[in-house]
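Below, each chain spelled out in residue letters.
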Amino acid sequence: MRRPRTFGLAALGAAAALALAACGGSSGGGGSSGTGSSSNASYNAGITSVVNPSTHKGGTLTFDWRAAPDSFDPGNTYYAADWDFARFYSMALMTYKNCPGACGKTLVPALATGPGVVSDKGLTWTYHIKPGIKFEDGTTVTSKDVKYAVERTFDRGVLPNGPSYFQVLLGGNAAKYPGPYKDRSKNLMGLTAIGTPNATTVVFHLAKPFSDFNYLVTIPQTAPVPPNKDTGAKYQLHPISTGPYKFQSYQLNKQAVLVPNTQWKQSTDPTVSQLASKIVVNMNMNPNDVDNRLIAGDAQVDFAGTGVQAAARAKILANPSLKANSDDPITGFGWFFYIDSKVAPFTNVDCRRAIEYAANHTTLQNAYGGPIAGGAIGSTVMPPTVTGYQKFDLYEATTKPNGDPAKAKQELKACGHPSGFSTGIAYRSDRPTETQGAQALQQALSQVGIKTTLHGYPSSTYYTNFAGVPKYMSSHNIGIAFGGWGADWPDGYGFLDELVNGNTIVPAGNTNIGQLNDPVVNNLFAKAAGLNNAAQRNAIWGQIDRQVMKDAVIVPIVYAKALIYRPSSLSNVYFQQAYQLNNYAVEGLKS
Amino acid sequence: MRPRRAPARTVVTFIIRRLIGTVFLLIVVSMITFAIFFLIPKLAGQNAYQLASEYVGRNPTRSAILQVEAKLGLNDPIYLQYGRFLKGIVVGVHYRSGPSVTYCPPPCFGYSFRTGLPVWPQMVSDIPVTLSLAIGASILWLVGGVSIGVLSALRRGTLFDRFSMGVALAGVSLPIFFTGLIALELFSYKWPIFPNVQFVPFTQNPLLWARNLVLPWIVLAFLYAALYARLTRAGMLETMSEDYIRTARAKGLRERKVIFKHGLRAALTPIVTIFGMDLGLLLGGAIITEVTFSLHGLGLFTVEAVQNQDLPEILGVTMLAAFFIVIANLVVDILYAVVDPRVRH
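Those protein sequence lines, which keep their order, are chains U and X. Numbers in this note's numbering are just positions in the first sequence, counted from 1, shifted up by 46. Numbers in this note's numbering are just positions in the second sequence, counted from 1, shifted up by 3.
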């Protein structure tokens with residue numbers, strides 16, 4: 047899942063904001079209704095428990111967002127925060143259990159009555175829809191509405207933003223199906239890979255086995271859309287709700303107001319709540335203003351959920367009562383840099399391992415914001431919050447965080463470059479963390495004789511034109527590229543596949559920048575795809591992670607963390623690992 | 004001997020001539036903007052497929068990128084794309100937005116590459132915010148800046164003069180993202196005199212509209228008023244030392260009349276020119292003020308468009324900003340033409 051962008055101009059105000067942090071330092075944080083600790087609120091309480099549990103109804107729950115959605119259309123969004131928020135107004139087939147900690151990664155049914163029933167050697171997945179689920183206009187949801195919801199995502203000219211899993215995984219005519227806007231035949235139900243034998247049954251026919259399919263149908267793309275209410279690109283302005291809230295108004299990229307959906311029943315959907323009497327989402331807000339409004343109690347939730355800015359961070363950490371209302375979880379997002387195994391001299395694994403040992407993890411961690419805002423030093427590709435994670439540290443990242451130049455030199459000797467070599471480092475120059483990270487890495491590598499040149503590129507074209515283009519990397523002798531990843535769903539496949547599966551290497555937009563095409567890794571992925579036993583499958587993710595680290599195509603920097611502030615007026619607050627954010631759909635106001 | 008033309012007819016001819024020039028200028032601006040965003044990347048080696056891939060979700064399939072490329076018409080020759088853009092502004096355009104074909108009426112600046120929705124209605128909905136901000140702030144800075152400038156000039160060398168010019172220097176030096184944040188921190192959070200600053204339309208609640216804009220007005224006006232105060236002071240000092248001022252005083256005119264009718268009027272001429280330019284620029288979007296105070300005007304719209312690399316939005320807002328600047332200049336020129344007949348020729 048993607049993280050929304052932040053204002054570039056905000057960086058210009060950073061110095062002013064930091065100065066202001068001192069103004070508010072220990073004064074009690076603005077001294078308004080939003081401050082002060084509650085009975086069970088304490089620092090990091092929201093990581094392992096529900097803070098301010100309450101069934102109180104009423105009030106306006108205000109979300110402030112420094113960005114805006116890629117779309118509120120459930121079929122056209124790829125932002126993590128959007129997927130989390132979408133459960134207020136849409137019901138996907140499956141979702142995650144409401145609970146903090148690892149429990150929050152447990153799959154539970156939402157629109158479906160239970161997990162998919164697998165048949166035909168893993169090629170067919172059948173779901174039954176709960177009876178009595180209604181759209182906001184009172185019409186009953188049928189299996190055709192689910193099929194249509196998936197079908198419309200095939201027209202990428204109209205709905206370009208969402209993920210492409212269904213186009214890739216489904217069988218039948220999926221490879222050539224243009225979507226219902228172009229194929230108006232068969233009563234708009236022309237995709238043969240999805241069957242609807244009756245009004246409550248949806249059958250997905252896959253082109254190849256895919257054991258993570260239950261995770262896939264948690265994506266809002268499976269939330270039903272009534273064909274006669276579909277307005278294409280305009281559907282984002284008023285998606286027809288099946289969740290506890292419906293859109294009252296939406297001014298594009300400015301403000302959305304949601305009110306309770308009277309057709310929704312808690313009894314049919316226990317995974318979400320209808321507590322507030324109104325939800326307001328303010329968009330494209332100044333990030334520092336978002337933090338101030340949270341602390342002042344003018345807003346309750348930072349929609350982006352990626353943590354407060356430097357100014358508010360200083361203010362919160364210096365004030366015990368504010369600190370008690372904050373959490374600093376490992377988010378599930380990972381920052382790392384790739385080593386391209388096809389760019390000389392990194393074709394030799396020992397040269398790649400030299401980089402693993404030479405990297406100074408402390409300076410890299412500081413470049414990413416330090417242990418609180420940046421994250422914990424990483425030693426594996428998968429962060430600890432991903433299902434299948436196994437703890438190991440092949441290159442002493444956590445035991446010798448300042449690097450091990452002696453071992454790096456040994457590896458250099460083994461790869462035939464005892465006095466070092468030259469290579470390039472690619473990074474996103476509009477991201478201060480990566481810019482500082484690249485400089486820190488350059489400094490560390492120079493200690494062992496590896497000379498590097500820095501190549502900064504804009505974020506918007508980083509993958510499409512530069513680091514994600516293998517030919518470009520080779521022709522410019524760039525062997526190292528910074529990157530980051532957040533899984534679309536919280537298991538090893540969701541995190542690892544696009545990063546290290548040999549099948550995912552593409553000429554442009556490549557995310558397997560290490561160009562790892564290790565048969566061991568590829569075979570493990572293939573094996574896992576056919577395994578419907580979760581425990582066996584999860585064990586494989588750990589094996590893949592270990593093998594990738596042996597191959598040394600990725601150097602983990604940090605398991606990302608974010609300091610998240612939760613106003614004391616907010617109820618039922620906790621960090622849910624599945625969304626890598628707080629669980630929005632159960633939140634309300636304490637009083 | 005040529006017959007003398009009627010002054011009113013001359014002014015009308017002048018306005019028509021300038022309006023024709025304005026249209027021509029806007030076409031040139033559109034061509035340059037279009038070339039910057041569509042032609043230059045192509046010359047730098049970026050192909051339509053790469054461009055299209057920026058507007059699809061993460062890890063898209065090849066067919067998804069090709070669909071987007073076709074939908075946005077990125078594979079067409081540049082002249083065709085530009086022609087389509089111009090045609091949209093003049094006669095509107097039909098485009099596929101899902102189950103039906105949508106008509107985008109003129110002036111249609113195309114549809115957003117990100118949201119798939121027409122650009123013009125989005126910009127129109129932002130204009131009231133920018134207009135409210137610019138008009139309010141401009142009144143403040145014009146009245147404040149000119150008054151302080153005049154008083155400083157008349158009390159040259161006094162404590163007031165030194166203090167006000169010192170404040171003016173601070174106003175010019177301090178960036179809005181600094182003064183704005185300070186103002187918010189102090190008057191919105193620490194002492195919540197203006198709490199929860201959010202734009203409220205004038206038509207909805209005039210009082211709340213004004214209350215929520217006071218801080219942005221003051222912050223924006225502080226920057227400009229400082230500049231105007233210094234300019235007015237310099238202009239007044241120069242004018243008040245002219246011979247005709249001495250003559251006016253020698254003739255026994257009252258000092259107030261000397262200052263306001265003969266001194267200030269002459270000193271204001273360059274101020275009017277700059278005011279027209281500044282107001283025109285601000286109507287195109289007070290970017291930093293809008294970002295600082297999270298006001299959804301054309302400035303914030305511009306920032307979003309640039310961050311999203313949304314070319315139709317960037318084109319649209321550039322054209323609109325250019326239009327405001329050109330029109331503001333036109334108004335200033337017309338005012339000049341009215342007061343000074345030499346300009347008409």
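Quick caveat, the hints were computed from the structure, so don't treat them as lab data. Don't take each hint at face value.
Part of the chain X face toward chain U, derived, beta carbon under 8 Å [as the list claims (entries may be wrong)]: (1) T16; (2) I18; (3) E57; (4) N62; (5) T64; (6) H97; (7) L187; (8) S297; (9) H299; (10) L303.
None of these values were measured; they are calculated from a predicted model. All C-beta atoms in this analysis are idealised placements derived from N, C-alpha and C, irrespective of residue type, glycine included.
**OP:** Hints the structure violates: just list their numbers, smallest first.
**Re:** 1, 2, 6
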